[in-house]
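Engineer: Start counting at 1 in the sequence shown, then tack on 1, and there's your number in my numbering.
In case anyone wonders, no lab produced these hints; they're calculated from the structure. Glycine included, each C-beta is placed from N, C-alpha and C at the ideal position. Be a bit skeptical, because a hint or two may be false.
[Said to hold, decoys possible] What follows is a set of in silico ranges between Cβ atoms, one per label pair, in the way DEER data are often shown:
id, residue 1, residue 2, range
1, I188, Q118, 42 to 52 Å
2, K233, I188, 30 to 40 Å
3, R174, S59, 22 to 32 Å
4, I188, G256, 45 to 55 Å
5, R181, A243, 13 to 23 Å
6, E111, G167, 12 to 22 Å
7, P283, S152, 18 to 28 Å
8, T257, S59, 21 to 31 Å
9, P172, G22, 17 to 27 Å
10, Q211, E48, 18 to 28 Å
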Amino acid sequence: MEKALITEKSNEYELLDSGMGEKLERYGKVVLSRPDPQALWTKSLSEEEWKKADATYSHDGTTGKWQIKGQIPDPWTVTLEEETFSLKLLPSKHLGIFPEQGTQWKWLKEKIKKEIQTGREISVLNLFAYTGGASIACASAGANVCHVDASKFPVDYAHTNLELSGLADKPVRFIVDDARKFLEREIKRGNKYDVVIMDPPVYGKGTNEQIWKIEEDLLPLIGRVKNILSDKPVAIVLNGYASVYSHVTYAQILGTITKDLKGEIVSGGFFIKESKAGRLLPCGIYARFESN
2 MEKALITEKS NEYELLDSGM GEKLERYGKV VLSRPDPQAL WTKSLSEEEW
52 KKADATYSHD GTTGKWQIKG QIPDPWTVTL EEETFSLKLL PSKHLGIFPE
102 QGTQWKWLKE KIKKEIQTGR EISVLNLFAY TGGASIACAS AGANVCHVDA
152 SKFPVDYAHT NLELSGLADK PVRFIVDDAR KFLEREIKRG NKYDVVIMDP
202 PVYGKGTNEQ IWKIEEDLLP LIGRVKNILS DKPVAIVLNG YASVYSHVTY
252 AQILGTITKD LKGEIVSGGF FIKESKAGRL LPCGIYARFE SN
């Protein structure tokens, strides 16, 4: 089944406009202009409005940098889907949050809460977990969470976000490790998980110089995931960014390990809706197995 996940304006986040390879967003009171290759259409707001941005990220083809005009706290915080995030203007143009994931976090919370109400304890494994949006969502719903990322910086960031969200006492383990190696050890230990979340990059390099290439490493990773699933998995989530793959591809990959499970696979795109013109900005793809 295909389903679009659409993020709309909230008190702390807003996609003001997009076009000509750029997007104009508001995070709290901070307005930012950043490149976005999906925005091939014309802008709906005037150039004067775009020039009011507190910071603009520009790229000359080899390197990128922020041009800061306004007073921007370093860091500053925003709250999305009841989660609080610490944001910074990072050299990569990113901020430490992907707001389009908010609808996915909300769904995960609802799914986990429903299972916990039946008396189950839910264990969650979040791989390529970045700054912890999904981990925090699952922890807030009452799950035991294992948060794994190959780089120390986002793991430290995720720990801070958990504390900012008032959830420092929740059972969350933060681990800096290569996802493939971690899964191999978990298989040997016999550990099982009810929910598995994956946000693999197209290409990545971890703290110990481990190289990840999605075209070579994704399918073997999914095969390992099958071996750490509990007897009654609640959800398996696979998200994708900046790749040539379709959400149908991801759905069919998940199908290789879920064909004997009771449930369905839902897939589609992540989108953010402009608050002014109402256009949808594509932000990635996902596929997820949902238990019945």
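Engineer: Look at each hint and say if it fits the structure.
Structural biologist: Hints, verified against the model:
For the pair I188 and Q118, the beta carbons lie near 30 Å from each other, so the given range of 42 to 52 Å is not met. Checking the proposed 30 to 40 Å range against K233 and I188 shows it is violated: the Cβ atoms sit about 19 Å from each other. The given range of 22 to 32 Å is broken by R174 and S59, whose C-beta atoms sit roughly 39 Å from each other. Distance hint check for I188 and G256: the Cβ-Cβ separation is about 21 Å, which falls outside the suggested range of 45 to 55 Å.
For the pair R181 and A243, the supplied restraint of 13 to 23 Å holds, since their beta-carbon distance comes to about 20 Å. A beta carbon spacing of about 20 Å between E111 and G167 agrees with the range 12 to 22 Å that was offered as a hint. Range check, P283 to S152: Cβ separation about 26 Å, and the 18 to 28 Å hint holds. Between T257 and S59 the C-beta distance comes to about 42 Å, which lies outside the given range of 21 to 31 Å.
A C-beta distance of roughly 43 Å is found between P172 and G22, which places it outside the suggested range of 17 to 27 Å. For the pair Q211 and E48, the supplied restraint of 18 to 28 Å is violated, since their beta-carbon distance comes to about 44 Å.
When the structure is compared with the earlier hints, violations turn up for hints 1, 2, 3, 4, 8, 9 and 10 and for no others.
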